[in-house]
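Starting from the given sequences, assemble the full structure and let the hints guide the process.
Chains A and B are the protein sequences, given in the same order. Residue 332 in the numbering used here sits at position 332 of the first sequence, with consecutive numbering throughout. Heads up: take any position in the second sequence, counting from 1, add 349, and you land on the numbering used here.
Note that these hints are calculated values from the structure, not bench results. These numbers come from a predicted model, not from an experiment. Just to be clear, a hint being listed does not mean it is correct.
To be verified - Examples of chain A residues lying across from chain B (beta carbon under 7 Å, computed):
id, residue
1, A36
2, T147
3, F153
4, S160
5, Y322
6, L333
7, V336
Said to hold, decoys possible - Take a look, some chain A residues computed to stay more than 10 Å from chain B by CB distance:
id, residue
8, R55
9, P108
10, L109
11, P188
12, T192
Unchecked claim - Derived CB-CB ranges, DEER-like:
id, chain 1, residue 1, chain 2, residue 2, range
13, A, R139, B, L490, 35 to 43 Å
14, A, L27, B, A652, 39 to 47 Å
15, B, V515, A, T215, 47 to 55 Å
Positions of the beta carbon are idealized from the N, C-alpha and C atoms, including for glycine.
Given next are the chains, with one letter for each unit.
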Amino acid sequence: MRLEPIANPSALRRVGLPAAALALTVLAASLLALLAGADPFATLGLIVKGAVGSRFAALETLNRATPLIFTGLAVAVAFRARLWNIGAEAQLYAGAVVTVLLGTGALPLPPALLIPAIALAAMAAGALVLLGPVLLKTRLGVDEVVTTLLFNFIMLLFVSYLLEGPMKDPLGMGWPKSPALEASARLPRIVTGLRLHWGFALAILAALAVWVVQTRTTLGYEIRAVGLNAEAARFSGIPVGRVMVKTALLSGGLAALAGFSEVAGLKGSLTLDLSPGFGYAGIIVAMLALLNPLGVVLSAIFVAGVFVGADSMSRAAGVPTYIADILTATALLTMVLALRLTTMRVRWR
Amino acid sequence: MELFDILLSASFWAAAVRIASPLIFATLGELICERAGVLNLGIEGIMVIGAFAGWMAVYLGAGLWAGVFVAMLAGMAFGLLHATLTVPFGLSQHVVGLGVTLLATATAAFAYRLSLPEVTSPPRIEPFQPWPIPGLADIPLIGPALFAQTPLTYLAFALIAVVSVVLYRTPLGLALRAAGENPASVEAQGLSVTALRMGAVIVGSGLMAVGGAFLTMSAFSSFFFEMVNGRGWICIALVVFGAWRPGKAALGALLFAAFDAGQVRLQQTPIGAYVPYQVFLMVPYLLSILALELMSRRAEVPAALMVPFNKGER
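Here it is as structure tokens:
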């Protein structure tokens with residue numbers, strides 16, 4: 001078989017194939033439910049109900065979407081330039097560490113100044129974490145996929161050291177946990193009494209900002225040019241190395257905001273299980289959004305809904321909650337295939 | 350002083366060879382994929398599914414070798430998925446590889462919870478026992494390190510030779526390497542690049558899964574969610590470090606394992622009292638990054654690595 005480009009894909013193809021990918025994901029969910037001895041329709045219903053069935057559930061989904069928007073944006077920005085940043089997990093923790101460092105009394109500022117200062121410092125830390133791998137890439141040609149992946153493990157060990165040593169909460173009953181942030185460093189809730197915090201609004205703002213950078217600025221143009229064809233970009237005078245570094249700083253900073261918003265908005269302190277893989281899920285979020293920053297918001301809410309819904313379904317129907325991880329990975333793989341087939345036709349010899 | 354004691358102890362060398370074994374399986378698997386032109390980032394997840402599937406088969410009553418076979422089949426299934434998406438459809442090897450890792454890891458976790466919903470401490474199986482080779486195992490230092498290992502370790506070392514011979518001494522190996530260097534030339538000879546690459550990814554993924562199975566069936570006797578712990582990513586670094594040659598990559602795995610065995614022993618010495626244990630645990634990952642840096646100037650990357658091939662397209 002071989003692939004032939006289609007000059008003008010029909011509307012049916014462009015809508016039908018991604019819909020088929022989603023249908024396949026739903027089919028996979030039904031099969032997994034059957035395997036677990038549960039009723040597939042009831043299971044799907046419980047997932048949807050758990051994700052958006054009540055005000056509490058919907059807000060919980062938006063809460064869970066918040067870090068995913070940040071990591072999804074981080075991945076989308078980087079992948080657009082073909083910078084394979086798989087290290088959002090490490091950058092997230094860097095942001096979280098700085099948030100705890102500055103939010104536990106080190107900076108005597110009023111909240112209106114303290115919170116932005118912490119956010120900026122967190123971004124700087126995340127950017128710094130990605131700077132190493134990207135300089136290795138631009139200077140020595142070391143593949144950044146492996147280095148960013150390995151940095152995830154190094155960072156987690158570093159955080160583990162901090163939480164058992166210098167950053168350990170003296171009142172933590174021996175648990176590896178940081179002291180709690182001061183009240184002035186915490187992001188307030190958007191609606192009093194409900195868990196949704198201002199981190200979500202910040203995530204939306206970040207998506208808008210990335211959209212502006214990508215579509216309205218020279219840097220955005222350069223990032224796209226480098227991603228499409230680095231050689232051609234270099235030939236036309238774009239400083240490819242410097243664009244890569246700028247992209248990395250932006251990407252690392254965005255991922256770090258996920259750590260900032262989880263600590264300052266939700267958890268209030270740092271533990272080793274702050275992120276159940278938000279960095280990796282960010283890749284799924286970004287790809288489902290076709291690397292479009294505004295799309296990232298929607299796909300993050302979708303992915304978060306699957307996770308929140310599966311959690312609540314699991315308690316009721318007994319299907320293991322890992323069904324959510326299988327479904328989001330399936331959605332990713334079927335979607336990239338569907339998108340390829342919208343522009344390419346399969347010819348059998 | 351402590352360092353010399355460690356280097357002169359037989360248990361250190363035996364541990365290094367043991368730690369190297371799963372890395373050798375998976376590194377050879379990745380090397381086969383990359384030599385044919387496909388970067389397989391599914392490696393981490395495929396090792397997890399191999400570790401789980403082999404262990405589960407034995408837990409359910411299968412023999413140990415049957416378990417290894419089940420692990421290999423599970424790995425090959427995910428290899429088939431990876432190969433189908435990346436070779437004929439030419440999708441991004443980065444995205445598909447990470448997707449396969451996420452899917453395989455999640456599948457293992459889901460299947461584990463489904464089959465063992467209630468357990469709090471992971472159940473154990475009776476793992477492979479060492480097969481000391483009569484006579485050779487009694488040689489001081491070398492004997493316990495090389496000739497008193499489990500059968501899977503012997504298999505790993507035998508595979509280094511097998512993969513080298515196949516890659517460099519057979520027509521199949523030549524075609525495989527050509528698929529990763531100059532696919533058009535393979536097609537000109539009437540061979541199918543698609544078939545060669547898919548075959549390489551499927552076989553390579555099978556080896557990765559056996560590497561994972563080594564962890565549950567030879568090194569430990571239980572399955573834990575976090576047990577692969579980045580070993581797959583380290584193997585990708587080892588392939589680069591070994592300049593895409595089986596012998597060199599395996600040597601890299603051994604060197605790496607020696608450092609890993611060394612850091613565990615250094616933790617027990619007075620040095621370990623001053624340095625936090627997390628620093629020792631970081632050593633493997635830092636070494637991998639360092640290895641990538643050292644080799645960056647001399648890397649002989651297969652020319653068509655990560656370049657999809659579409660017949661009739663120029």
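How the hints compare with the structure:
1. The interface hint given for A36/A is met, as the beta carbon of that residue sits about 6 Å from the closest beta carbon of chain B, less than 7 Å.
2. Because the closest C-beta pair between T147/A and chain B is about 5 Å apart, less than 7 Å, the hint holds.
3. Hint status for F153/A: holds, given a least beta-carbon distance of 5 Å to chain B, under 7 Å.
4. With a least beta-carbon distance of about 5 Å to chain B, the hint placing S160/A at the interface is held under the 7 Å criterion.
5. Given the 7 Å rule on beta carbons, the hint for Y322/A holds: about 4 Å separates it from the nearest Cβ of chain B.
6. For L333/A, the suggested interface contact is upheld, since its CB lies about 5 Å from the closest CB of chain B, less than 7 Å.
7. A distance limit of 7 Å between C-beta atoms decides the matter here; for V336/A the minimum to chain B is near 5 Å, and the interface restraint holds.
8. Residue placement check: R55/A keeps its beta carbon more than 10 Å from all beta carbons of chain B (closest about 30 Å).
9. Separation of P108/A from chain B is adequate, the least Cβ-Cβ distance of about 30 Å exceeding the 10 Å criterion.
10. Against the 10 Å criterion, L109/A stays outside the reach of chain B, whose nearest CB is about 32 Å from its own CB.
11. Every CB of chain B lies more than 10 Å from the CB of P188/A, the least distance being 34 Å, so the non-interface label holds.
12. Distance check on T192/A: its Cβ is at least 37 Å (rounded) from any Cβ of chain B, clearing the 10 Å threshold; non-interface status holds.
13. Between R139/A and L490/B the beta carbon distance is about 42 Å. The supplied range of 35 to 43 Å therefore holds.
14. A C-beta distance of roughly 40 Å is found between L27/A and A652/B, which places it inside the suggested range of 39 to 47 Å.
15. Remark: the range hint 47 to 55 Å for V515/B to T215/A is upheld by a beta-carbon distance near 51 Å.
This entry satisfies every hint, going by the numbered hints stated previously.
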